[in-house]
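Spelled out, the chains give:
8 protein chains.
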Amino acid sequence: MELDEITISRAILSSQMNTLIDCMELDVAVVGAGPSGLACAALIAEQGIRVGVIEKKLSVGGGMWGGGMMFPRIVVQEEGRRLLDRFGIRSTPYQDGYYVAKSVEAVSRLTAAACDAGAEFFNLTSVEDVMIKGDGRISGLVINWTAVEMGRLHVDPLVMRCRYTVDATGHDAVVARLVEKKGGDLKVRGESFMWADRAESRILRHTKEVFPGLVVAGMAANAIAGENRMGAVFGGMLLSGEHAAGLVLDRLKK
Amino acid sequence: MELDEITISRAILSSQMNTLIDCMELDVAVVGAGPSGLACAALIAEQGIRVGVIEKKLSVGGGMWGGGMMFPRIVVQEEGRRLLDRFGIRSTPYQDGYYVAKSVEAVSRLTAAACDAGAEFFNLTSVEDVMIKGDGRISGLVINWTAVEMGRLHVDPLVMRCRYTVDATGHDAVVARLVEKKGGDLKVRGESFMWADRAESRILRHTKEVFPGLVVAGMAANAIAGENRMGAVFGGMLLSGEHAAGLVLDRLKK
Amino acid sequence: MELDEITISRAILSSQMNTLIDCMELDVAVVGAGPSGLACAALIAEQGIRVGVIEKKLSVGGGMWGGGMMFPRIVVQEEGRRLLDRFGIRSTPYQDGYYVAKSVEAVSRLTAAACDAGAEFFNLTSVEDVMIKGDGRISGLVINWTAVEMGRLHVDPLVMRCRYTVDATGHDAVVARLVEKKGGDLKVRGESFMWADRAESRILRHTKEVFPGLVVAGMAANAIAGENRMGAVFGGMLLSGEHAAGLVLDRLKK
Amino acid sequence: MELDEITISRAILSSQMNTLIDCMELDVAVVGAGPSGLACAALIAEQGIRVGVIEKKLSVGGGMWGGGMMFPRIVVQEEGRRLLDRFGIRSTPYQDGYYVAKSVEAVSRLTAAACDAGAEFFNLTSVEDVMIKGDGRISGLVINWTAVEMGRLHVDPLVMRCRYTVDATGHDAVVARLVEKKGGDLKVRGESFMWADRAESRILRHTKEVFPGLVVAGMAANAIAGENRMGAVFGGMLLSGEHAAGLVLDRLKK
Amino acid sequence: MELDEITISRAILSSQMNTLIDCMELDVAVVGAGPSGLACAALIAEQGIRVGVIEKKLSVGGGMWGGGMMFPRIVVQEEGRRLLDRFGIRSTPYQDGYYVAKSVEAVSRLTAAACDAGAEFFNLTSVEDVMIKGDGRISGLVINWTAVEMGRLHVDPLVMRCRYTVDATGHDAVVARLVEKKGGDLKVRGESFMWADRAESRILRHTKEVFPGLVVAGMAANAIAGENRMGAVFGGMLLSGEHAAGLVLDRLKK
Amino acid sequence: MELDEITISRAILSSQMNTLIDCMELDVAVVGAGPSGLACAALIAEQGIRVGVIEKKLSVGGGMWGGGMMFPRIVVQEEGRRLLDRFGIRSTPYQDGYYVAKSVEAVSRLTAAACDAGAEFFNLTSVEDVMIKGDGRISGLVINWTAVEMGRLHVDPLVMRCRYTVDATGHDAVVARLVEKKGGDLKVRGESFMWADRAESRILRHTKEVFPGLVVAGMAANAIAGENRMGAVFGGMLLSGEHAAGLVLDRLKK
Amino acid sequence: MELDEITISRAILSSQMNTLIDCMELDVAVVGAGPSGLACAALIAEQGIRVGVIEKKLSVGGGMWGGGMMFPRIVVQEEGRRLLDRFGIRSTPYQDGYYVAKSVEAVSRLTAAACDAGAEFFNLTSVEDVMIKGDGRISGLVINWTAVEMGRLHVDPLVMRCRYTVDATGHDAVVARLVEKKGGDLKVRGESFMWADRAESRILRHTKEVFPGLVVAGMAANAIAGENRMGAVFGGMLLSGEHAAGLVLDRLKK
Amino acid sequence: MELDEITISRAILSSQMNTLIDCMELDVAVVGAGPSGLACAALIAEQGIRVGVIEKKLSVGGGMWGGGMMFPRIVVQEEGRRLLDRFGIRSTPYQDGYYVAKSVEAVSRLTAAACDAGAEFFNLTSVEDVMIKGDGRISGLVINWTAVEMGRLHVDPLVMRCRYTVDATGHDAVVARLVEKKGGDLKVRGESFMWADRAESRILRHTKEVFPGLVVAGMAANAIAGENRMGAVFGGMLLSGEHAAGLVLDRLKK
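Protein chains in written order, with numbering that gives the first Met the number 0: chain U, 0 to 253; chain S, 0 to 253; chain G, 0 to 253; chain A, 0 to 253; chain X, 0 to 253; chain D, 0 to 253; chain R, 0 to 253; chain F, 0 to 253.
Rather than coming from a laboratory, the hints here were simulated on the basis of the structure. Keep in mind the model is a prediction, meaning the values are calculated, not measured. Backbone N, C-alpha and C fix where the C-beta goes; we use that ideal spot for every residue, glycine too. Where hints are given, some of them may not hold.
Derived list of chain F stretches under chain D, where covered just means 3 residues or more per stretch with a C-beta under 8 Å from a C-beta of chain D [said to hold, decoys possible]: (1) 5 to 12; (2) 20 to 29; (3) 105 to 118; (4) 202 to 215.
Calculated from the model, a selection of chain X residues having no Cβ within reach of chain A, i.e. all distances over 12 Å [claimed, not checked]: (5) Q46; (6) K56; (7) Q94; (8) R160; (9) D184; (10) G225.
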């Protein structure tokens with residue numbers, strides 16, 4: 000059989016366009032495909048919920064690829080290791096209670112898990128604004144190609160509806176800051192000094208619905224709360240993603 | 000147990016530095032972590048061979064993330080589908096003989112496979128030059144942090160020994176061009192016009208040892224041969240990676 | 000009736016995607032939406048032929064908007080005026096045989112004419128390569144978002160089939176240069192010195208099929224031929240567009 | 000007759016200079032040539048009023064060219080469709096009350112209408128400041144070449160007198176912000192969250208004279224009022240342009 | 000009397016535009032307003048010849064402002080001092096046969112002399128190409144705003160006729176290189192090593208008509224001839240400007 | 000006599016260094032070499048006072064070169080014309096009370112006048128800070144090469160003593176803003192809207208000693224006072240320079 | 000013996016890695032390797048204390064290399080000369096109480112002294128944050144490669160513990176500003192006007208522990224205190240470094 | 000005694016200017032202050048010869064600061080260690096015949112040695128060209144501030160006479176390339192592949208006078224000869240510097 004370029008082009012276009020048109024209405028939009036976003040998306044999608052992951056870069060994984068100071072290793076504690084195991088990420092003990100895993104393996108395994116569970120990925124896509132109507136809750140995201148911003152092009156966005164949004168964009172807390180900037184009742188306080196132990200132990204309490212329809216996870220949660228900074232331990236981020244998934248699933252059941 | 004930042008830092012440093020010092024002597028260095036490089040690394044490492052994957056970017060995956068024109072889907076033919084299946088990447092038939100897979104899933108599954116097989120990843124790392132001694136074959140790679148080039152810093156490289164190098168850097172054919180530029184007996188002819196069918200059918204014959212110690216795979220193979228261009232079909236690239244792996248394994252056995 | 004953002008998004012997506020999927024097979028692709036490309040596209044489409052106009056910028060019009068040295072006026076001669084009249088562009092006589100028109104009006108009228116005739120526009124779209132198969136003629140264009148290049152993203156293109164391509168990209172002669180660079184039997188000689196009279200009088204003879212499947216129009220025609228340069232007279236460019244349309248229509252009839 | 004370059008140059012210079020010198024006194028200056036500015040200029044000029052359109056870019060059309068997320072389509076509602084029809088822009092129904100039109104056609108038709116009506120275009124021209132004298136109203140615009148700013152050149156502006164200014168510069172509300180920054184009694188509140196329905200229904204009430212001599216139209220009107228954001232529906236923008244034209248015409252009659 | 004901004008704007012526009020339209024036909028165009036260009040223009044214009052000076056920067060003076068290594072002094076020899084005296088530039092002897100003058104004074108005096116003599120200045124104006132018709136001689140210059148290039152705008156140029164062109168653009172020899180690049184029979188060999196004495200003594204023999212209609216002066220003359228480099232002695236440049244003026248005046252008389 | 004490069008280099012170095020070392024103690028430092036600074040420096044130096052002019056650019060003249068919108072003409076009123084005459088700048092009447100002069104001639108004549116009067120120029124030199132000791136008045140300027148800032152080099156400045164400083168840096172009011180930023184009792188209010196008539200009539204009252212040891216002239220005077228903006232009329236700027244010179248001379252006499 | 004590249008690479012890696020892992024726990028971290036930091040580090044390390052010097056640039060020396068306005072000389076007073084002598088930096092008297100030294104010699108001698116004393120250097124390393132735990136004092140630094148910031152890479156930092164931190168980063172007072180920005184009880188007031196005498200005489204009183212665990216030295220001390228600026232006298236900076244060393248040694252003994 | 004800023008400024012200016020004027024005639028100019036240039040300058044200056052070191056950057060040391068891949072360590076062999084010892088640089092044995100030293104210590108000790116020996120440093124200074132007169136040998140260097148190039152300023156250079164020039168600019172071989180580019184009989188072949196052992200063993204034979212008056216040292220020597228590349232071993236570079244010093248001293252004696 001001869002390979003036909005035009006058939007290939009149409010296969011790509013029609014396949015992704017159906018997904019795109021379809022996903023204009025999601026149950027859950029997870030913004031940011033770093034460790035907490037990936038874990039959260041995987042665990043929600045596993046329950047058969049319709050999840051879309053919106054990532055501004057071409058690749059997913061966030062800050063995890065570079066480990067600490069470009070040495071591609073991550074460290075987790077005992078609790079974090081449970082999630083590494085769950086996603087099939089191998090780790091080796093370094094010292095009592097400290098486990099080291101490889102960055103590249105961690106990203107690929109987490110992503111594969113989210114794909115397997117049925118999450119859809121929209122990479123190269125930025126969130127420009129949120130949709131808030133009369134009920135005062137976030138009911139959609141205003142999205143655009145990241146390339147539009149990179150090329151400083153004057154191009155309007157589209158809108159994607161979702162019942163819940165998870166802001167997993169790291170310490171920038173992109174969605175939360177958009178809400179704050181536009182006058183929503185939400186304050187992003189910014190990360191405080193480095194204190195890994197405290198940051199890890201408090202992250203779960205900061206992982207919550209901070210604005211109607213908006214749940215935060217990972218470093219974004221700590222950044223909003225003005226909590227201490229964590230460093231290159233990724234256990235808390237995975238746990239926070241798991242916790243956010245639980246919260247969203249609970250609310251969706253109601 | 001209290002979490003200690005310094006222990007984390009040391010865990011990362013010592014774990015990766017041991018790997019780094021250790022990997023200064025490799026069996027095989029695969030340069031470029033796109034589809035052909037990942038497939039090749041996975042299949043070689045599976046045989047218990049010591050493989051390092053050198054990727055200049057922070058993330059692996061190359062041009063696969065963006066699918067065609069930022070629509071994150073890839074297309075493969077019947078033969079390519081065999082490898083998708085092997086790496087656990089799901090695909091759906093579009094039309095007779097054409098299968099569509101999701102970009103993000105494809106990258107993460109391929110990468111996970113290479114990790115599982117034991118390949119080590121050196122991301123954010125560029126190849127500046129090759130080491131060629133009296134026997135006239137490539138016996139090592141001259142590497143540096145990509146960040147050194149990005150910051151236009153004047154910093155010297157280090158050298159990593161390897162018995163075989165696989166150039167899987169796409170149509171730039173980075174390693175082959177270094178050899179050509181320094182006067183090695185190798186000519187990079189550059190990709191010809193788009194003609195997917197021909198490009199796919201010829202890629203395996205161009206996947207070979209083009210210079211003593213240097214095997215090429217994927218688009219780099221076609222670019223060196225002056226072969227036609229492929230477009231967003233990734234089947235040939237995976238097959239080329241598989242073929243390169245076979246060649247290298249054969250030679251290592253001798 | 001309440002306005003729904005998601006319906007709007009889906010309306011845009013499905014409308015344009017159908018066009019896009021549909022236009023993966025065109026009769027004629029006109030590359031470049033300057034004066035000659037617009038005139039050519041309008042005159043071909045008027046005959047019921049399926050024409051797509053590919054423009055790398057967000058807006059069409061090319062160098063016409065700026066007139067001469069940012070003074071937004073263009074000048075045509077007697078012959079050019081016939082085409083101004085045909086497209087409903089008003090002009091005023093300056094001196095015997097010289098007519099002045101307004102740049103903004105000229106662009107908008109030409110574009111409106113092409114739209115009315117049924118030409119489809121693909122703006123923000125660049126031509127990366129051409130498709131040439133066994134018969135040695137250009138049978139398709141390899142396209143990508145211009146934003147991909149602007150953002151220096153690593154994203155693969157798609158392919159659009161067409162029976163004839165018109166290169167109306169101005170003195171860059173983008174498509175012709177791609178053919179030349181990849182080793183096609185075509186030489187782009189570059190514009191010679193300014194000599195408006197000669198350039199105008201010779202442009203029609205240079206407007207021709209320069210490579211199987213590739214017709215050139217406007218400044219690209221003169222640039223390929225090494226002809227003299229024209230300056231801010233746009234009459235010749237419109238006439239060249241008309242001539243190219245005639246050539247393509249003839250060939251399509253055969 | 001031989002074509003003479005110098006005659007062409009003089010034709011362009013003298014033709015545009017007369018226009019420029021002449022237009023230093025306008026009845027109405029419309030700043031921004033997006034959908035609302037173009038509609039407004041067309042409808043005012045149709046009444047025989049002397050209108051100048053000042054556009055900072057080389058091309059007119061603003062954000063309309065790119066449709067939504069680079070898919071060049073726009074959507075209007077029933078009311079907006081009346082204006083599409085008036086300007087000869089074809090549309091197709093998508094679903095009850097939603098009509099889709101092509102971006103390129105919409106821009107070119109609107110522009111052609113403004114040209115036909117007699118509006119003069121000053122593209123590549125930026126507004127640096129406003130002229131306010133003893134009566135406290137805006138009685139002129141301080142303009143410069145956009146290229147002066149792009150090249151970071153130290154070059155002084157010129158001044159253009161006008162009885163009314165329409166700020167149709169989109170959500171930047173450029174003229175209004177200049178007034179605010181210099182201490183004028185005007186507050187630009189900035190667009191609120193996306194809520195298309197509400198934004199559309201309120202835009203006409205925000206389209207008004209916000210400062211003596213300054214009428215706002217389109218997204219600038221909503222941005223000043225702190226109103227919700229609209230997205231890629233262009234009906235409200237056209238209607239706002241029409242409304243602003245009515246207001247200005249009323250005032251000029253007095 | 001009250002000051003009116005619009006009158007000021009019109010005074011500037013009409014005054015300069017008349018000059019511009021008028022100067023589309025010059026006797027002599029001097030390109031580059033460094034020391035040799037200024038001297039040449041002054042000495043030609045003094046004879047009542049119509050001279051235009053085209054300078055790409057906002058300010059005239061070229062490399063003279065910065066003296067040597069940003070120490071704003073220039074040095075001339077005995078012969079050069081005659082021209083300093085002629086233009087009213089004060090100098091002080093440093094050592095036998097070496098005189099030092101102040102850079103700022105030298106530029107301003109030379110420029111004032113050219114203005115007094117009646118030369119017209121077109122600053123911020125670049126030469127993009129030359130006009131060569133059937134007689135094979137340069138009969139005009141293709142000019143554009145320098146800001147067009149700085150802002151990477153797509154804007155066409157205008158054409159200015161002149162009987163003689165003087166290329167006084169320094170070692171770039173801009174006009175000569177344009178001629179060379181477009182295939183004219185002229186070779187720009189580039190400056191050789193520094194050897195001030197030889198460079199000074201040979202510059203007058205290189206100051207000549209190098210192409211029909213094109214006289215070169217100053218460093219451009221030496222650069223074309225492949226002559227040695229001069230350094231911060233400006234005597235030879237002034238003398239070359241004087242010599243070029245003589246040549247042009249002779250030819251114009253014929 | 001043979002020309003010796005090393006003698007030339009030494010002539011430049013020793014000549015300028017003596018000036019530089021000498022000028023570390025000035026009577027008056029004029030910062031900014033635009034129209035008001037040049038006029039002020041010329042008129043002070045004429046009285047035998049030791050004046051240094053510090054200009055951050057390579058060339059002097061400021062915004063005067065570009066006239067209005069790159070049309071190199073300036074306009075003055077009756078009063079301004081007196082100063083044009085004084086400095087030998089020719090002008091032609093445009094309309095009752097409006098005179099037009101050429102930009103290039105104006106800059107060169109003003110500069111020549113300042114040189115003749117004995118002012119020393121330090122171009123390519125920026126003012127980084129001011130020296131204020133126990134008496135609370137500005138008694139010196141902290142200067143550096145402008146190139147240090149352009150190259151983002153970490154290089155310390157030198158200090159130049161002066162009895163009076165004139166800030167003639169245009170609407171940036173560079174010296175005044177330094178004083179304000181460091182906590183000095185001085186408020187720069189910024190230019191208000193364009194109103195040429197008022198700006199011209201008030202500039203002399205704003206030309207005064209705004210901080211002990213600091214006199215302001217030209218647009219800087221209006222900018223500090225929050226006065227209206229002037230546009231391309233340069234009469235007021237020259238008059239302000241004259242006025243500032245008078246003030247400084249008076250104070251120095253005391 | 001044959002030289003082996005891989006042995007060289009491993010020698011570098013293992014040698015520096017041991018140092019790096021070891022230095023994750025320091026007694027004192029000196030941030031900034033300018034004159035005060037170098038002097039301070041040398042004097043502390045001489046006492047057998049474990050000191051690390053963190054410098055963001057590739058080279059140490061800070062602003063000392065460029066002397067004043069790129070003339071590579073520094074000036075010290077009588078007191079400063081004692082330290083020059085101590086570090087073996089030669090100086091020559093200029094005038095009573097003023098000594099001039101060469102910049103390059105000063106940097107190299109100071110650095111050599113710090114090396115001899117046993118200080119470890121971490122160049123190309125930036126401080127991103129500080130670690131503050133329950134006791135409210137700075138107990139560590141959050142560091143990253145400077146190249147990560149230069150390349151705008153998303154890479155996490157590591158953490159280095161230290162008992163005392165010396166901020167010797169010049170007027171930026173980098174560490175102190177981090178503490179201030181994150182809400183620590185510390186105010187960086189910024190340098191006041193130039194007044195060398197006062198700045199020199201007060202610097203020792205500003206050299207102190209400004210936050211628990213943070214001692215400041217050199218220009219950073221004056222910048223925090225809002226003290227006057229010093230200029231190119233380096234005596235005070237050396238003395239401040241000496242004083243800071245004394246303070247830290249005292250505290251460490253307790 | 001009160002500290003006076005102006006005295007400090009004058010001390011710096013007069014001290015460095017005397018040096019500068021004085022050094023316009025040198026015996027030897029060493030271009031590039033990396034390891035080979037520093038060693039060479041130190042060893043020549045020790046013999047009482049007048050040496051100037053010209054370094055384009057603010058700091059000296061070249062690529063030595065960054066060690067290998069930003070790990071600041073260098074490696075030398077037995078022979079190189081003799082020179083480390085001579086300059087007081089400590090090293091520790093890694094393995095038989097391999098010694099590791101610290102980068103920062105190595106740079107500072109080498110530089111201090113060159114200063115002690117009496118070499119003068121001209122940092123921030125670039126070589127733009129060479130002076131070659133009738134005898135065909137390099138008899139001087141054409142120098143400029145590096146900041147002039149960084150700021151893209153149009154400023155002329157000065158000229159420094161020298162009997163011998165040493166090109167120690169690393170693999171760029173800056174001076175040699177200038178000679179080649181201007182047509183001198185010298186070919187820079189460029190470094191070949193990495194092969195440390197061979198590169199080290201051949202460097203001394205490539206360290207020679209490659210053009211009348213021009214001696215090359217360090218990597219520049221190998222780059223000119225087309226020799227293999229060395230990597231982060233610095234022994235050969237020091238030895239080459241020593242060898243170049245010997246050559247120059249021999250020739251100067253003749």
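Status of the hints after comparison with the structure:
1. 5 to 12: holds (count 6)
2. 20 to 29: holds (count 3)
3. 105 to 118: Violated, because only 0 residues of the region 105 to 118 of chain F bring their Cβ atoms closer than 8 Å to Cβ atoms of chain D.
4. 202 to 215: violated (count 0)
5. Q46: X/Q46 is indeed farther than 12 Å from all Cβ atoms of chain A, at 23 Å.
6. K56: violated, 10 Å
7. Q94: holds, 40 Å
8. R160: violated, 5 Å
9. D184: holds, 22 Å
10. G225: Holds: least Cβ distance 33 Å, greater than 12 Å.
Violated hints for the displayed structure, listed by number in ascending order: 3, 4, 6, 8.
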